[in-house]
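Peer 1: Next come the chains, spelled out residue by residue.
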Amino acid sequence: DTAVSQTPKYLVTQMGNDKSIKCEQNLGHDTMYWYKQDSKKFLKIMFSYNNKELIINETVPNRFSPKSPDKAHLNLHINSLELGDSAVYFCASSQGLPGISYNEQFFGPGTRLTVL
Amino acid sequence: DQQVKQNSPSLSVQEGRISILNCDYTNSMFDYFLWYKKYPAEGPTFLISISSIKDKNEDGRFTVFLNKSAKHLSLHIVPSQPGDSAVYFCAATPLSGGGADGLTFGKGTHLIIQP
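So the sequences go chain by chain: L and G.
Those letters in the first sequence? Residues 1 to 116, per the working numbering, in order.
Those letters in the second sequence? Residues 1 to 115, per the working numbering, in order.
Hints may be right or wrong, so weigh each one.
[To be verified] With beta-carbon atoms standing in for the labels, derived distance ranges: (1) G:H110 to L:P109: 16 to 26 Å; (2) G:Y39 to L:K67: 45 to 55 Å; (3) L:K67 to G:I18: 39 to 49 Å; (4) G:K5 to L:T59: 32 to 42 Å; (5) G:S8 to L:N57: 42 to 52 Å; (6) G:Q2 to L:S68: 28 to 38 Å; (7) G:Q114 to L:P109: 37 to 47 Å; (8) G:N57 to L:L83: 37 to 47 Å.
[Unchecked claim] Subject to a maximum C-alpha distance of 27 Å in a straight line, what follows is the list of computed DSSO-like cross-link-like pairs (lysine-lysine): (9) L:K36 to G:K107; (10) L:K71 to L:K36; (11) L:K44 to G:K68; (12) L:K71 to L:K40; (13) L:K36 to G:K56; (14) G:K54 to L:K40; (15) L:K40 to G:K5; (16) L:K19 to L:K44; (17) L:K40 to G:K71; (18) L:K44 to L:K67; (19) L:K36 to G:K54; (20) L:K19 to L:K71; (21) L:K19 to L:K9; (22) G:K107 to L:K22.
[Stated by the list, open to error] One side of the interface only, derived from the structure: several residues of chain L facing chain G at Cβ under 7 Å: (23) Y33; (24) K36; (25) I45; (26) E58; (27) F107.
Think of the hints as simulated: they come from the structure by calculation, not from any bench.
What you are looking at is a predicted structure, and each value in this text was computed from that prediction instead of being measured.
For every residue, glycine included, the Cβ atom is placed at its ideal position computed from N, Cα and C.
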């Protein structure tokens with residue numbers, strides 16, 4: 001059984017379009033994340049979210065928005081896609097509770113987004 | 001500004017020998033450190049972690065060493081096996097945040113195990 005899954009695995013789209021990437025975890029974790037791996041291979045945090053708090057990396061454009069229909073899902077919506085959004089996007093989850101404990105993050109397989 | 005640095009983009013080691021991957025950090029707020037392994041077209045997989053109250057943590061063939069004064073950690077793999085060939089990422093976070101801050105990753109080191 002896949003612990004953290006993402007769909008789609010590949011996404012090719014035109015500039016200006018709006019797209020979504022879905023993420024689901026079946027680990028019962030409380031906190032989920034989105035990371036971006038750019039062309040220089042840096043993995044950078046975009047968002048972290050639990051049922052109480054959304055923390056946004058201030059460098060992330062507001063065209064990106066996470067949406068969580070329930071504790072097991074954290075989807076990423078991107079509006080008005082730009083060429084520079086082309087990257088691999090990873091979803092992750094952990095059982096850490098802010099200020100209380102921390103456990104390792106489990107990552108999904110990634111979604112390669114190509115904006116033409 | 002890279003807060004976590006892995007200065008070796010690649011490392012080649014003979015099968016059976018020891019692999020040593022290095023990582024440096026600059027942010028004094030980091031007190032929890034993790035190593036992840038990544039194969040092509042897959043997500044990073046957790047390997048081993050260490051908190052700043054320890055200087056060593058061991059799990060099978062993998063040992064992580066932390067030198068807080070030097071802001072340096074290393075991952076030792078003994079003995080190295082062909083399946084260890086992958087990209088290894090060092091990551092760090094402030095433990096008090098409970099993960100809310102996310103992980104700050106290094107750029108990764110591509111480990112190649114030669115038969």
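Peer 1: Given a cut of 7 Å on the nearest C-beta pair, is the interface hint for K36 (chain L) held or broken against chain G?
Peer 2: 11 Å, violated
Peer 1: Taking 27 Å as the top limit, are the C-alpha atoms of K40 (chain L) and K71 (chain G) close enough?
Peer 2: Holds: K40 (chain L) and K71 (chain G) sit about 24 Å apart, inside 27 Å.
Peer 1: Can we keep the E58 (chain L) interface hint, with Cβ of chain G closer than 7 Å?
Peer 2: Hint on E58 (chain L): violated, closest Cβ of chain G at ~12 Å, above 7 Å.
Peer 1: For a C-alpha distance cap of 27 Å, please report whether K44 (chain L) and K67 (chain L) respect it.
Peer 2: 19 Å, holds
Peer 1: Is K40 (chain L) close enough to K5 (chain G), meaning Cα to Cα at most 27 Å?
Peer 2: 14 Å, holds
Peer 1: Would you say the C-beta atoms of S8 (chain G) and N57 (chain L) sit inside 42 to 52 Å of each other?
Peer 2: Taking Cβ atoms as reference, S8 (chain G) and N57 (chain L) lie about 27 Å apart, which means the hint is violated.
Peer 1: Tell me if the interface restraint on I45 (chain L) is satisfied: Cβ within less than 7 Å of some Cβ in chain G.
Peer 2: 3 Å, holds
Peer 1: Taking the CB of N57 (chain G) and the CB of L83 (chain L), does the distance hold inside 37 to 47 Å?
Peer 2: Holds: the Cβ-Cβ distance is about 42 Å, inside 37 to 47 Å.
Peer 1: Decide if the proposed pair is consistent with the structure: K44 (chain L) and K68 (chain G), CA atoms, cutoff 27 Å inclusive.
Peer 2: 24 Å, holds
Peer 1: Taken at face value, is the distance from the CA of K71 (chain L) to the CA of K19 (chain L) at most 27 Å?
Peer 2: Measuring from Cα to Cα gives roughly 22 Å; hence the hint holds.
Peer 1: Holds or violated: K107 (chain G) with K22 (chain L), Cα cutoff 27 Å?
Peer 2: Measuring from Cα to Cα gives roughly 26 Å; hence the hint holds.
Peer 1: Given the range 45 to 55 Å, decide if the beta-carbon distance of Y39 (chain G) to K67 (chain L) lies inside it.
Peer 2: 30 Å, violated
The structure does not agree with the numbered hints 2, 4, 5, 7, 12, 13, 14, 19, 24, 26 stated previously, though it agrees with the rest.
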